[in-house]
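Chemist: Here is what each chain is made of, one letter per residue.
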Amino acid sequence: MNVIEALALAVSGLSANRLRSALTMLGIMIGVSAVILLVAFGTGAQVQIQSQIQNLGSNVIYVSPSSQRVGGVSQGFGTGNTLTQSDVNALNDRGQAPDIVTAIPVTQVQGIMIYGNQNWFAPTSGTTADFPQVRNYDVAAGAMFTDSDVRSAAKVVVIGQTVVDNLFGGDPNAAVGQTIKISRVPFRVVGVFGSKGAGSLGNQDNLAVIPIDTAWDYLAGARGKNINQIIIQATDSNSVQAAENEATAVLLTQHKISDPNQADFSMQSQQDILNTFGQITGVLTAVLGAIAGISLVVGGIGIMNIMLVTVTERTREIGIRKAIGAQRSDILLQFLIESMFLSGFGGVLGIVVGAGLSRWLDGAAAGISASIPPPVVSVPSVLLAFGVSVGIGLFFGIYPANRAAALHPIEALRYE
Amino acid sequence: MISPPPAVPPRAEPMIELEDVTKVYRMGKVEVQALKGVSIRVAPGEFVAIMGASGSGKTTLMNIIGCLDLPTSGRYLLDGGDVRKLTDNQLAVIRNRKIGFVFQSFNLIPRSTALHNVEMPLIYAGVGGDRRRRAVAALEAVGLADRARHQPSELSGGQQQRVAIARALVTEPAILLADEPTGNLDTGSSGEIMGLLAELNAQGRTIVLITHEEDIARFASRVVRLRDGLVIDDSRREHGVEVSA
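Protein sequence lines correspond, in order, to chains A and B.
Residues in the first sequence are numbered consecutively from 0, following numbering that gives the first Met the number 0.
Residues in the second sequence are numbered consecutively from 0, following numbering that gives the first Met the number 0.
In short, the hints are calculated from the structure, not lab data.
Virtual Cβ for every residue (Gly too), placed ideally from N, Cα, C.
A portion of the hints provided could be inaccurate.
[Said to hold, decoys possible] The calculated label-pair distances, taken between Cβ atoms and stated as ranges, are: (1) B:Val29 to A:Gly390: 45 to 51 Å; (2) A:Val296 to B:Asp145: 46 to 52 Å; (3) B:Gln150 to A:Val46: 37 to 43 Å; (4) B:His149 to A:Ala7: 36 to 42 Å; (5) B:Thr86 to A:Val46: 55 to 61 Å.
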């Protein structure tokens with residue numbers, strides 16, 4: 000008996016009990032579609048976070064101050080005020096760091112923005128004119144402030160779309176040229192950043208950027224010329240590691256630290272962040288898949304149950320088949336293919352339903368909230384789901400099929 | 000009262016040769032001796048009826064002849080081959096190639112067409128190419144070619160039994176083993192089926208018929224009577240006249 004004959008036999012066996020077969024398939028279908036859907040959400044989150052991290056800037060490395068050390072004793076994270084303008088200058092020296100395109104200092108200041116009778120809060124950063132290039136922002140209206148604005152500590156600001164929405168009713172062109180107050184200091188809006196959209200990493204459009212000297216002079220208060228972060232841009236994606244090594248060397252020299260383990264700053268490249276989030280979302284996806292997998296196991300038990308009933312019901316048929324020459328393996332194959340067909344076909348239906356639901360939810364999710372990641376159905380998850388569903392049919396079909404194959408022909412024929 | 004084994008010498012190499020066959024069943028703690036030493040020889044082309052009341056061991060004998068069961072002791076040669084040493088799978092092959100079964104309750108596979116039922120032994124025999132043609136020919140031989148696409152539930156009892164005979168014949172087996180083939184049929188259909196078997200026998204087929212009805216046994220050329228697991232009578236009739244051994 001070849002496989003096609005066995006398949007035809009299985010189909011005729013299953014079509015004899017259509018409702019029962021359909022209900023059994025439904026169990027597997029629900030399991031598989033749940034796996035596809037939940038994994039699609041996990042993958043969607045992964046893809047979204049990846050693109051957002053990529054959006055934070057191209058080939059960048061973040062340098063943050065870490066524990067200041069006094070006599071070899073760590074003072075704890077963030078105690079240091081260890082990054083200085085001379086560090087930034089040294090990093091921008093191509094002689095010492097050939098793989099670095101530019102390094103920009105960032106200082107965070109806080110303050111309520113007021114325009115007319117509207118007020119709004121946005122994180123405000125003091126930085127330099129290279130900020131849009133390093134952080135991947137377009138300037139949608141007006142222009143970025145210039146190096147001379149930085150040197151002269153001009154009271155100019157470039158704001159994000161969210162700020163425009165809340166203070167200027169959404170029109171970027173209306174905002175340019177207006178004056179807003181940040182912590183009661185008047186700033187002229189010279190430019191508006193193009194929107195990056197919101198996502199799991201927070202709203203990247205709610206920001207304001209001012210020249211760093213202006214921040215130090217007017218908004219920093221008693222904190223002096225503090226730098227919260229230096230963002231380094233490497234020449235290309237292949238030179239990120241080299242740039243990181245050069246930056247480490249430059250900063251260690253700058254800070255007169257000989258042992259790299261004693262460094263009072265920490266460095267994180269975009270790749271590090273990608274990897275960290277990749278791990279998190281990978282675990283998330285696996286957990287979601289495993290939860291959905293439970294329903295797949297339940298479906299498999301349903302198949303086993305039905306196959307046991309089928310074998311009992313068809314005991315006489317098995318006896319007849321054995322009497323006219325069916326061997327053990329023929330009977331085994333017949334019932335195994337039947338259970339694998341049930342689960343495999345249920346799996347295909349589940350893939351169709353799962354993928355369809357993902358597509359539908361893709362549209363629906365965007366309608367509910369932009370921060371829900373759109374589900375992404377990946378080809379490996381589809382192939383895996385199909386393979387697993389056929390495997391479930393095999394696994395849960397072996398016991399009933401074996402029971403059928405082991406029946407003694409005389410007893411099976413006598414069965415009423 | 001008990002007659003000796005058949006005195007009539009076989010005309011050729013026997014098709015079936017049972018020698019002092021016994022069969023013991025264990026039902027819980029009780030041993031039941033279904034056959035107590037049966038010796039029968041059936042020559043090719045014979046039409047033998049095995050008769051006996053229920054409990055006489057005729058079903059057990061049929062199971063052994065049909066290779067559905069193995070004897071506890073004694074020897075059974077089918078078409079010259081010893082059956083005792085065969086594995087389950089080898090027995091399945093023997094049943095497939097050498098024996099055609101016809102059962103009292105027809106035993107067709109429900110929800111499969113007559114044609115598919117007849118094809119089935121060929122599927123298990125691994126016949127591919129001319130399977131359909133052979134199945135159709137077998138249905139034609141029993142006069143049911145026009146019912147090939149019908150399911151058993153759409154056929155009368157007599158028609159179902161003829162499909163079963165077609166299924167038994169399709170592999171060209173050495174013997175046709177019929178267990179009460181008319182037990183579930185009315186008189187008219189019974190006559191048809193027995194006529195068909197007689198015709199097949201006339202064409203040279205070896206037939207072993209199990210029955211408890213004298214009317215049915217009359218179609219056979221030889222009657223073996225069993226009682227309590229032993230052969231009590233083995234007589235052949237020629238031209239309708241009983242010749243006691």
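Chemist: Run every hint past the structure and note whether it holds.
Modeler: Going through the hints against the structure:
At roughly 47 Å, the beta-carbon separation of B:Val29 and A:Gly390 lies within the given 45 to 51 Å, and the hint holds. Range check, A:Val296 to B:Asp145: Cβ separation about 51 Å, and the 46 to 52 Å hint holds. Between B:Gln150 and A:Val46, the C-beta spacing of about 54 Å breaks the proposed range 37 to 43 Å. In this structure the supplied range 36 to 42 Å is violated for B:His149 paired with A:Ala7, their Cβ-Cβ distance being about 19 Å.
In this structure the supplied range 55 to 61 Å holds for B:Thr86 paired with A:Val46, their Cβ-Cβ distance being about 58 Å.
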